[in-house]
Each structure stands twice: as structure tokens, then as C-alpha cells.
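With the sequences and hints as input, model every part of the structure.
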Amino acid sequence: MGATRDTLSVIQEMATAMEEHRRHLTQLDSEIGDGDHGNNMHRGFQAALERLAATNPETPSDILKSCSMALINKVGGAAGPLYGTAFLRASTALSEKEELSAEDVAAAIEAAAAGVKQRGKSEVGDKTMVDALEPAARAAKEAASSGKGVGEVLRAAADSAGEGAGATVPLTANRGLASYLGARAAGHMDPGARSSYLLLDAAARALGA
Amino acid sequence: MGATRDTLSVIQEMATAMEEHRRHLTQLDSEIGDGDHGNNMHRGFQAALERLAATNPETPSDILKSCSMALINKVGGAAGPLYGTAFLRASTALSEKEELSAEDVAAAIEAAAAGVKQRGKSEVGDKTMVDALEPAARAAKEAASSGKGVGEVLRAAADSAGEGAGATVPLTANRGLASYLGARAAGHMDPGARSSYLLLDAAARALGA
Amino acid sequence: MKKIINAPERVVAEMLRGMELAHSGLIRVIHDFGVVVRADAPVQNKVALVSGGGSGHEPTHGGYVGFGMLDAACAGAVFTSPTPEQMLEATKAVDGGAGVFYVVKNYTGDVLNFEMAGELADAEGIQTDYVVTNDDVAVEDSTFTAGRRGIAGTIFVHKIAGAAAQDGKDLAGVKEIAQRANANMRSMGMALTSCIPPESGEPIFEIGDEEMEIGMGIHGEPGVERKKIEPADQIVDEMLGKILGDTVNFSGSEVAVMVNGLGATPIMELYLAYAHVADVLKREGVQVWGRPYVGEYMTSLEMAGFSITLLKLDDEMKGYLEAPCSVAAGRPF
Amino acid sequence: MKKIINAPERVVAEMLRGMELAHSGLIRVIHDFGVVVRADAPVQNKVALVSGGGSGHEPTHGGYVGFGMLDAACAGAVFTSPTPEQMLEATKAVDGGAGVFYVVKNYTGDVLNFEMAGELADAEGIQTDYVVTNDDVAVEDSTFTAGRRGIAGTIFVHKIAGAAAQDGKDLAGVKEIAQRANANMRSMGMALTSCIPPESGEPIFEIGDEEMEIGMGIHGEPGVERKKIEPADQIVDEMLGKILGDTVNFSGSEVAVMVNGLGATPIMELYLAYAHVADVLKREGVQVWGRPYVGEYMTSLEMAGFSITLLKLDDEMKGYLEAPCSVAAGRPF
Ligand SMILES: Nc1ncnc2c1ncn2[C@@H]1O[C@H](COP(=O)(O)OP(=O)(O)O)[C@@H](O)[C@H]1O
Ligand SMILES: Nc1ncnc2c1ncn2[C@@H]1O[C@H](COP(=O)(O)OP(=O)(O)O)[C@@H](O)[C@H]1O
Ligand SMILES: [Mg+2]
Ligand SMILES: [Mg+2]
Ligand SMILES: [Mg+2]
Ligand SMILES: [Mg+2]
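Protein chains in written order, with the numbering used here: chain A, 1 to 209; chain B, 1 to 209; chain C, 1 to 333; chain D, 1 to 333.
Everything labelled a hint here was simulated from the structure, so no lab data went into it.
Glycine included, every Cβ here is placed at the ideal spot set by N, Cα and C.
Beta-carbon label-pair distances, calculated as ranges: (1) D:A7 <-> A:T55: 22 to 32 Å; (2) A:E123 <-> D:N249: 32 to 42 Å; (3) C:R331 <-> D:N45: 26 to 36 Å; (4) A:E20 <-> D:G290: 53 to 63 Å; (5) C:R331 <-> A:R23: 34 to 44 Å; (6) D:K282 <-> C:G96: 30 to 40 Å.
Under 10 Å between C-beta atoms, here's a sample of chain C residues computed to sit facing chain D: (7) R10; (8) E20; (9) D233; (10) A275.
Okay, structure coming up:
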């Protein structure tokens, strides 16, 4: 029950973060993309909240799956299938679990990052959300293996994601709409990397970390 | 010969005035019409100069007729047929004359004003070029009958046209594109009244008055 | 001013060249006179239709030249009526012996120039007649005004009178149905932004970032009310209120409906506006006939805004609206 | 932001309602899913064509639904790829037993979502396949990019693949000719101003009063060069230079030509640009086939600018371009 309640409050906090940062994410996307990322993420997490309220899933895995379906079905754009895949893989990684260990959480983040890389055919350095998610997964794994708790694992992941997002600023984009920009993408943070940080940060804050 | 040379220099001076005031006339027309009066008048007088150079008319009447044809054929808009009619009527009023008296000039202006009124079905107070031309015709007649010379007749006509144009500012338009403005036309000078003043002023200046 | 042009004084000539190249076989252009004519003109023993006006309203009027619509269109300078010289040239090029009919939008310049052209044509032995369209209800008619303006409804007159001429009506018959169409149609427009005529290079009017103007003319002549922009449904309500409140009783009739973009209004917004037009007409008992005309028919360069036209139909007009035609403004997809 | 809308979040739904009301008999709309389908769908034993993408490009894609072109179009949020859920709904609505073919513009979102939709359709026992259009030469292809963007040439693929499906080609045959069309077409765009997506309410990019951007994308994604605006002929030279210099050898061939307005560009300017396009193509030995496509085919809301597309034709493609079709974007006048 504790993990279920925690997971629900994580999603809730993520939705709040997407609401609060909607304009800024859209603005980042305007610089190098088409200016819809904030609206996309906000629409998706509102749909996730609705779906959770309607379906009332009972396990962390089911909650994440429900969230994944909402993102896939309601977001569109690149972010929809990518984040949808991330949540789906995290859900699969946690399937059957009623309570979550730090290792479980780290494994879920790792699965999510791997899913995005695979679906988007992207690597670190392509100036995408992978630049935030991959270091986050690594940091989560380290934190878990050095005995940190769930909250601390999420905090470590979020902080690394934040660094990773920051590191996208000087990069040239190779994937997504921003890739059409060539060298001119340099100097702007990737909006998807930023939203990845915000989501992980929300998750950590939901658990008081 | 003197009257022919004078008439040619009048047209030349008018063309110069239309060139110089092109932007301002267009601007006046933008306020209450469609913003083309300056370009229309400039195009017309350039065509008149070309036509004069090509056809080399020998009498004042023929010069004015040539000018009328150029205006009718090349201006379009409301100004083309109206000024075209004005010059045509003036030409008719002076037909067969080789030298021009002050009375002749006054009669030509009167004929021009009457032509515009008739073709445009407009009266003084409708906020059109008639508001400049009708008082000009009256002033020219008075000046001629009190023994003034040709130059002074034109100067008197021009000055009255200027007053008449100024008097269009507070008026509501009843004719032309500006009439669609209703009460909002008030506060702006009618562009055609302004161009009528400029043409008569150019004529007077051409004769050193 | 940012435009895809070479030189302001050449825009009309270069546009006509592009039109002719794009639609050879359908139209040809008499370049010295800025006149677009049907490629197969003159059509013998058919009343020929000629229209024209200032340029900048494309596809009006050159886009409507072809089988079943206009025989010729005279392109004036931007927003400036063409000259009698152009009109006479068009008249001579298309006269097939059955006379030439002018469709003239009610602007002083257009009317005066077409009147003069008619006199010149008479002098050359070509019979002419004309209709003056004045569908715009924005500015009230009275004994003191030059009357109402002619706007997008004019395209319905092109189509109906054009099909009637193609159908073999004589000059009087074409005039009668053109007048009937004009008498049964009402339009109203609004604008969000000004266009920029290439020659002056300046917007015709200034308008605030939150303002709209109801009743705006297609040359940027001011309308009836400037105010804060409202939701689309409210704007449509206002425009339709004025149209339906005028002297044509549309209720209970079948009506051709046009939602016309002025140049910069996204097609998305035109359809969105049409959704509410359809609702209001349904509520008012007005039956939309056939497929409504949603798109750009009479523009004002890059002005943002739109107009609505209603035309109350009878069976003859319906037949002529449906009749086949082949013009540059039409397209298969 | 000045728009003829009621509420930013309702623009797509309200537009679709207007389209459906305006074109009943031709299309119907599955409103819960933002999907436009042929009124008579599913057509039994015909390969069904589905396309879609973000809204704001009207008449793309809903305007091309109908006999001889698309069976369905999925309307995403403005500039946002539709979702697999929408695509699956469209797929189910139009499948007539011969499989469903997706025409996808090359943007990561569109490709990923259509791929997922295909997987979902497979799971429901509906066979699908797809083509990814990438006609835009503005941004260079390389192993590091997601490839070139799909822009206005996509409409040629709709027409050709649509006619091929109508003609009875099977899924593999439709795919083959869609790929052939895509492989033989090249496009390039430019913009003078930004559009304003209704939800954000802000221009996507800032651009100076004298500047243009060559290679601008249809979502306002930056192009290849920002510079001072040049005369139309020079702009056309640059765009055609890039297109003709690419890997398709157009010289000596018959070519379909599209000059596509992005939303706010006056028709006058499109024809003016076409005049120079025709001159350059003539000089380069490229033969313009049939009537060129000058108008708005794939817009970007109210963006000012245009794109040029060349498609090198063979006899089969010509036949399919000419084949009859009946879609909302078409009009008789
Ligand atoms: N191939 C990809 N792999 C990983 N992430 C990607 C890829 N393409 C795009 N993204 C991410 O998606 C973000 C953009 O999402 P969004 O704006 O919602 O969709 P769209 O790009 O379709 O408008 C980018 O900032 C980037 O982080
Ligand atoms: N019916 C009329 N009678 C007299 N003058 C008129 C009439 N209609 C318009 N005018 C004059 O013509 C001027 C406008 O000319 P212009 O701008 O060149 O043509 P248009 O109005 O067709 O754009 C007005 O300012 C007015 O003085
Ligand atoms: Mg985006
Ligand atoms: Mg004017
Ligand atoms: Mg004018
Ligand atoms: Mg997008």
C-alpha cells in the first residue's frame, strides 16, 4: 500500500511540475523545435491523472502502465511515444511488485532510459531527453548499490538528469525536430532533457527527497 | 506661342508637384480611403508628360486634351475619370484659342469644376475635390472680372482651393471610398481636394504667381 | 515591408505573367493592357462577361476567367480601378457579336471607369451593359452615400451570370439575372490586421494588438466599429446579425454561403467560423444550399480577416451555380 | 495573438466540425478521435490510405480525404503528431480488407506514432504498411540526422498513391509507387514571418523587419540561412538551385511543379514567383507538366512564405496525378 500511495503521489507531483513549467518548456521548444513540448507534456499528465482516477490501479506497475497508456494515447509528437515507452518499460520492470526497494526504483529508471534510447534510436550527445535519462539511470544505480533509500535514489537520478540537461546547451542536435537546426541548435537547452529532469525532480520531491 | 509654352510649363510644374507630394497624398488617402491617390496622380502625370513629348500638341486646348487622355487612360481609380473630365472640359472651353486671357483661364477652371461635379454627382460639402475646385472657380471668375492677369487668376484660384481643401478636414464624406467611413472621416483632409489645390498652385507658380 | 516581389511597380505585370504561364490553354494575357482573357475568346454569339478592379484581391478577378464564368478581367494597379483603355481593350478582345456585359463592384472609380469604357465601346459599335454589385451591408445606404460597396458576393454574380451567358441568354437576360443575384445577396467583412500595398510599402491602417474592425472594406477602408477582439462565435453572430437583419429575408430559403478569407487567415479559422455560421443559420431557419464556399475568393493582399456572404437562391440561380466551369481559381485538390 | 477562434484548446475540434458541416456527403468526422474519414468508408477490397500530422497545415491533411486520395486523416493538436490511438481508430474505420497504407511525413513524432499504430493494427489483424516522405532538401541528410523533413510534396504522394489504390493496386503496389513518387520529388521552403500557434499564443520565432529565412520548416523549425530579404527572382533562384542541385536529375524530364503558399502569402506573390520558376525551369531544360499547382496546399497557419516542389514524372505517375478525385481542398471556382 505504501508504494502504491507513493507512486500515485509521484505522478501527481509530476503533473503539477508539468503544469508549472508548461510555458518554459514550450519556450525552450520554440528556440530549437516547434514550440509545443510544454503543452504536450501538460496534456499528457492531465490525461494520466484522469485515467488514474477512472481506473484506480492497485500496484506501482499498474499505475505506471496506466500513465504510459495516457501518454501514448494523448500526447502525440515525439514526446508521447518516447515517454510512453519510458513509463511502459518502468512498469514492466516493476511488475508484480507491491513494495519497492531502492534497487527496484533504480532498475525502473534504467529500463525507462533504455526504452527511450531504443525507440528514439538515440544516444547520449544527440541533444535529447536521453542526455538526461542515461546519466540519471547511472546515478540511480550507484546510489542504490551504495545503500541509499528510494527517495535518495530518485534525488540522485534527478540531480544527474539536471546536469545532463544542462550539458545539452552547447550541443548540436542530431535527433528530433531540433536536428534540422544544425549548428544553430547550440546554445539552447533541449526541452525534452529539461522535462526529464523536472519529472525526476518531482518524483524525488514527492518522496520528500 | 506664349500661351502654348505657358500651358506646357503648367503641366510640367503639376507633374513635379505630384512627384513631390506623392507620399503625402497617399498618406491622406490611407487615412480615409485606400492609400493610392498619390501613386495614381504621379502615374497619371508621368503618362501626361510622355504623351505630350510624343504627340507635341500645338495649342493650350490640345495640350489639355492630351493630358486628359493620359489621365483617363493611365490613372484608373476615381481620380482618373474625374481629373480626366476636368482637363477635357478645360480643353473644350479653350478650343481654337491660341492666346489666353484671364477670362479664358477662369472659364476653363469653371468648366473643369463643373465637369467633376457632373461626373462624380457631387456637391460642395461632400468632402471631395469639388470642395477645392468650386471655390477655386468662383475666385478665378472674380479675379478675372476685377481685371487681374492670368497668373493672378490662377493664384486666386489656388488660394481658394487651398482654403476649400482645408475646409474638408472636419467634414463627413458622402462620396468616394471615404464615404464608407461615415463620421470617422471627419478630422482628415480629403486627398483629392488636396491634389486639386496642389495642381492649381503648381499652375500659378508656373506663371510666376 | 516584406514581400516576395521584385519591384513594387512591376507586381501586377509579373503576376499576370505567372498566371498566364500557369494556365496556358485556359487564359491568355494582353500584357500591354493588363487584361486576362479566355484563351478561346471571342466566343461567337455568346454574351461576353468582363469584370475587373484593382489588383491585390486575387483570385479576383483574373482567377475567374474561363469557360462558364468571365471572358475577361482587367487588372488595375493594386487597389486602383483599371482604366477605360484597359476595359475597352478587354471588350474588343471578347466581343463575339452578342454584346459585352460588365460586372462592376460599387466603388466610384470602378463605376466611372466602366461607364466611360461603355461609352467608348458604344462608339466602336459594341453593345454593352453592366451591373453594379453592392452586397456589403457594413456601411448603410442612404441618399447621401455612394451606396454600399461590392465585395465577395460579386464572385457569385460572376458564376451565375457567366453560366447564364454560356447558356445562351442575351444581354438583357444576363443583366436581369446578374441584378437578381445582386439583389438577393448580402455580405459583411471584418479584419484583424492591415495589408501593405507594395507601392506605398506601408500598412493602410494601424490597428492595436488586441483590436479588430468590423465592416472593414477590402481596400482597408475603415469599417463600422473598431473594438477589442472577441471570440469567433460572437464575431460571426454580429456579422450574421447585420446580414440577416437587412432587407433580404433569408429565412425559409435555400442560400449559398461563402466564408471568404481575406488573405492571411488560416483555413483552420475559416472552417471554425463556418461551424458557427452553420449553427446560426440552422437556428434561423436558413437552409445552406449545396457545399458552402469556404476559402479565399476575394482577398485583400495579406490582410487577416474574413467575410460572410449569403445569397438567396431560386431554381435558375441554383442551376447556374452548379453549372460546370473551368477557371484558374478552381482546382481538383 | 489575434485569431478568429473561441478558445485555443478547442481550435482543432471546432475546425473539424466546420469541415464536416461544410463537406457532408464527402467526409465524416470521428469527433472523439479527431479523425476525418471518407463518407463512404470503408471501401471494400481497396487499399485504404491514411495520413495525418499536427494540425495547422490545412488543407493538409483533412482536405485531401475523399474519392481518389486519402481514406482518412488524423488531426493532431496544432503542430503535434497525432497519437497511435487516433491512427488506430482511423485504420479500423477505413480498412476494407485490403490493408491500410500510411503516408507519414518525416518527423520523429509522426514516424514513432505511426509505427506504434501499425503495431496496434497488426495486433487487431489489420495489415498495414507505410511510406515516410522526406522531400525537403533544406536540411542535409546524414547518418547523424533524423533525415530530411517531409513537406508539401507529400500532397503529390497523397494524390498518386490515392489514385493507385483507387485503381486497385495492392498494398505492396501502393507502397512501391508512393516510394517512387517520394524518391523523385524535392522541395524547399522559405519564410518571411512566423506563425502563432494558438495554444502558446506566441510567435515561434522572431525575425527582423527586413529578414527572411531560407529553408524554414513548416512548424517554424529554423532553416538554413537567415538573411536580408532579396528580390523574388533571386529567392527563387536560390531555392531552385538547391532543388535542382540535389540527387534527382530533373533536366530533360516532365515535372509536376508546386508553388505552395504557407498561409499569409498573397496569391499575387505566388504567381509572381511562379513566373520566374517557369523561366528557370525552361532554361534548365525541365519541362513543366500539365498545370502547375499554385496555391495553398500545405500551410503553416498564418506564416508568410512559400515552398517549391518538383516531382519528376513517369507515365504511371502522370496518369494518377490526372485521375479524378473529389476532396474538400478541391473547388470548382
Ligand atoms: N529520436 C529521439 N530520441 C530521443 N528523444 C527525442 C527524439 N526526438 C525527439 N526527442 C525528444 O523529444 C523532445 C521534443 O518533444 P515534443 O516537442 O513534445 O515533440 P515534437 O518534437 O514532436 O514537437 C525533444 O526535446 C527531445 O528531447
Ligand atoms: N464622386 C466623386 N466626386 C468627386 N470627387 C470624388 C468622388 N469620388 C472620389 N472623389 C475624389 O477622388 C479622390 C480619391 O482618388 P483616388 O484615391 O485616386 O481614387 P480611389 O478613390 O478610386 O482610390 C477623393 O479624395 C475625392 O476627392
Ligand atoms: Mg515540439
Ligand atoms: Mg484612393
Ligand atoms: Mg483606389
Ligand atoms: Mg510537435
